[in-house]
Amino acid sequence: MIPRYQRFLFAILLLASLAMGVALWQLRERAHQRLIAGQDSAPTSAPEVAPAEQATLLVANDEDSSLTAQVHSLPLPADPGSRGRAVLGKLLDLYAAADATHPVPGGGSSVTQVFLLPAPELGAGAHSPAPAGDPQQGPQLAVVDLTAGFAASHPSGIETETLTVLSICGTLHANLPRVTQVRFLVDGQPRPTLAGHADLTRTYLAGDAAPSEGTQP
Amino acid sequence: MAALGTGRSGLTGWGFDPVARVRETTWRLCRKACSLKARRANETLSTAFVFALAALAAAGQLAGAQQAPAGPQARFVVVLDGAHGGDDTGGRLAGGQLEKTFTLALSVRLRSLLAARGIQVVTTRDSDAGVEANRRAEIANHASAQACLILHASESGSGIHLFASSLAPVEPARWPAWKTAQAAWVTRSLALAGVLNSDLLHAGMNVSLGRTSLPGLDSMACPAVAVEIAPERDAGHKTSADLDDPDYQARVAGALAAALLEWRTEAHQP
Numbered sequence: 001m002i003p004r005y006q007r008f009l010f011a012i013l014l015l016a017s018l019a020m021g022v023a024l025w026q027l028r029e030r031a032h033q034r035l036i037a038g039q040d041s042a043p044t045s046a047p048e049v050a051p052a053e054q055a056t057l058l059v060a061n062d063e064d065s066s067l068t069a070q071v072h073s074l075p076l077p078a079d080p081g082s083r084g085r086a087v088l089g090k091l092l093d094l095y096a097a098a099d100a101t102h103p104v105p106g107g108g109s110s111v112t113q114v115f116l117l118p119a120p121e122l123g124a125g126a127h128s129p130a131p132a133g134d135p136q137q138g139p140q141l142a143v144v145d146l147t148a149g150f151a152a153s154h155p156s157g158i159e160t161e162t163l164t165v166l167s168i169c170g171t172l173h174a175n176l177p178r179v180t181q182v183r184f185l186v187d188g189q190p191r192p193t194l195a196g197h198a199d200l201t202r203t204y205l206a207g208d209a210a211p212s213e214g215t216q217p
Numbered sequence: 001m002a003a004l005g006t007g008r009s010g011l012t013g014w015g016f017d018p019v020a021r022v023r024e025t026t027w028r029l030c031r032k033a034c035s036l037k038a039r040r041a042n043e044t045l046s047t048a049f050v051f052a053l054a055a056l057a058a059a060g061q062l063a064g065a066q067q068a069p070a071g072p073q074a075r076f077v078v079v080l081d082g083a084h085g086g087d088d089t090g091g092r093l094a095g096g097q098l099e100k101t102f103t104l105a106l107s108v109r110l111r112s113l114l115a116a117r118g119i120q121v122v123t124t125r126d127s128d129a130g131v132e133a134n135r136r137a138e139i140a141n142h143a144s145a146q147a148c149l150i151l152h153a154s155e156s157g158s159g160i161h162l163f164a165s166s167l168a169p170v171e172p173a174r175w176p177a178w179k180t181a182q183a184a185w186v187t188r189s190l191a192l193a194g195v196l197n198s199d200l201l202h203a204g205m206n207v208s209l210g211r212t213s214l215p216g217l218d219s220m221a222c223p224a225v226a227v228e229i230a231p232e233r234d235a236g237h238k239t240s241a242d243l244d245d246p247d248y249q250a251r252v253a254g255a256l257a258a259a260l261l262e263w264r265t266e267a268h269q270p
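Heads up: the sequence lines are chains C and F, in that order. End of the first sequence sits at 217 in our numbering; the numbers just go up one at a time, nothing left out. End of the second sequence sits at 270 in our numbering; the numbers just go up one at a time, nothing left out.
I should point out that these hints are in silico values taken from the structure, not numbers from a laboratory. For each residue, glycine too, the CB sits at the ideal point set by N, CA and C.
Between beta-carbon pairs, the in silico distance windows are:
| hint | chain 1 | residue 1 | chain 2 | residue 2 | range |
| --- | --- | --- | --- | --- | --- |
| 1 | F | Arg75 | C | Glu121 | 39 to 45 Å |
| 2 | F | Arg117 | C | Pro177 | 51 to 57 Å |
| 3 | C | Gly149 | F | Gly95 | 23 to 29 Å |
| 4 | F | Arg117 | C | Thr112 | 49 to 55 Å |
| 5 | C | Leu185 | F | Arg92 | 23 to 29 Å |
| 6 | F | Asp244 | C | Arg191 | 27 to 33 Å |
| 7 | F | Arg211 | C | Gly149 | 25 to 31 Å |
| 8 | C | Gln54 | F | Asn134 | 43 to 49 Å |
| 9 | C | Gly149 | F | Ala129 | 28 to 34 Å |
| 10 | F | Ala235 | C | Val71 | 26 to 32 Å |
| 11 | F | Arg174 | C | Leu185 | 31 to 37 Å |
| 12 | F | Arg117 | C | Glu53 | 55 to 61 Å |
| 13 | F | Gly254 | C | Pro77 | 54 to 60 Å |
This is chain C alone, in the form it adopts within the complex:
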């Protein structure tokens, strides 16, 4: 004869097992629905490409040690940092081309990121002051993060390294006029020189790289 309390215990355990089974089934259904919902959110149409805009690139020339302004049409994102990265990518693509006037291997992927920060004061008259009453429109410091591969493969020499640095500074300033100062990192770390010559530890004034004359190809 089974005691009464044992029968009650068996019934409770059976009910608990059934309840747990139902809960498990519901959880499984929810996970399945979530998976299906995820599949629904997958892109079914191509992302919109940023409209092509005119970008001014300061292209270096080793023959006469000059920087020449060239206007190119390329898709530019709205975000200023991404915009800076896009124009520098185009500039370095020109340098990586076979007929480059300033041959530097690496191409557009050599710029990992361009960070934009409020520019610190460098001293009186070092750069144009921010417009009064609107701190959001003040001068900016651009931090350009290059890849170590780009620095390692860059030709060594004062002239070629200086032209690369100045063309990057000038191109940023031409397309993002609020950028007045530029600093460089390589793989996210400070580096003494680009390829043994041009100093990468200092802050460059973007306005120093103004070209003498501009051309439009």
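Here the structure of chain C is known, so what remains is to put chain F in place on it, guided by the hints.
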């Protein structure tokens, strides 16, 4: 490690050395004092010692007067900084030559040319040793030079590239900041670059002038120019003189030496 070139003081060149004269007199007095009798030895030696000190002080004053710049003609020092060295090989040039080797050879050649013309030369290195950028600037500043040439070489571009510091010119300060010491000298550096440019052009070379930020250069408190030598190329980009061409090296060194002689002449004009 600094190496000093030739130097010559004005008075000794005429056969009269006042320092040697005073020392000789002092030595004679000491010997005389020591030859006296023993009972008066202590007193005499004390007197001789005081005498000797006074005489040496006088000699020091004379020597100071001798080394003081009697005029710009008396002292014209050039610092030659052969870039790179040691583990820092610099760029790789045509024929597998390293930039550090080329700059050292050019520095030695230029030092000989300048020393032969009576110019005192200080080099930042005269062997394959690594010298830090700050140490190079220390050597240049310690020498109180009238011209500092930082020698580089590159396969990029054509001819000779002259670079002055990109620092904005400022008025000389009593205690200039180390990293921007060159700012007070930028105007003179640009003038030196102009003289170098003129003489290199006169020697038939392609020359370009520019501004740059170079480790070491911005800390130099003297007229300083970075000279980068590249192969000579003609209008069709064909190399007409490579960096390992001895004739090209001799022409570059000769033109730089001539420019420094002209710079000395300009510096001595009132």
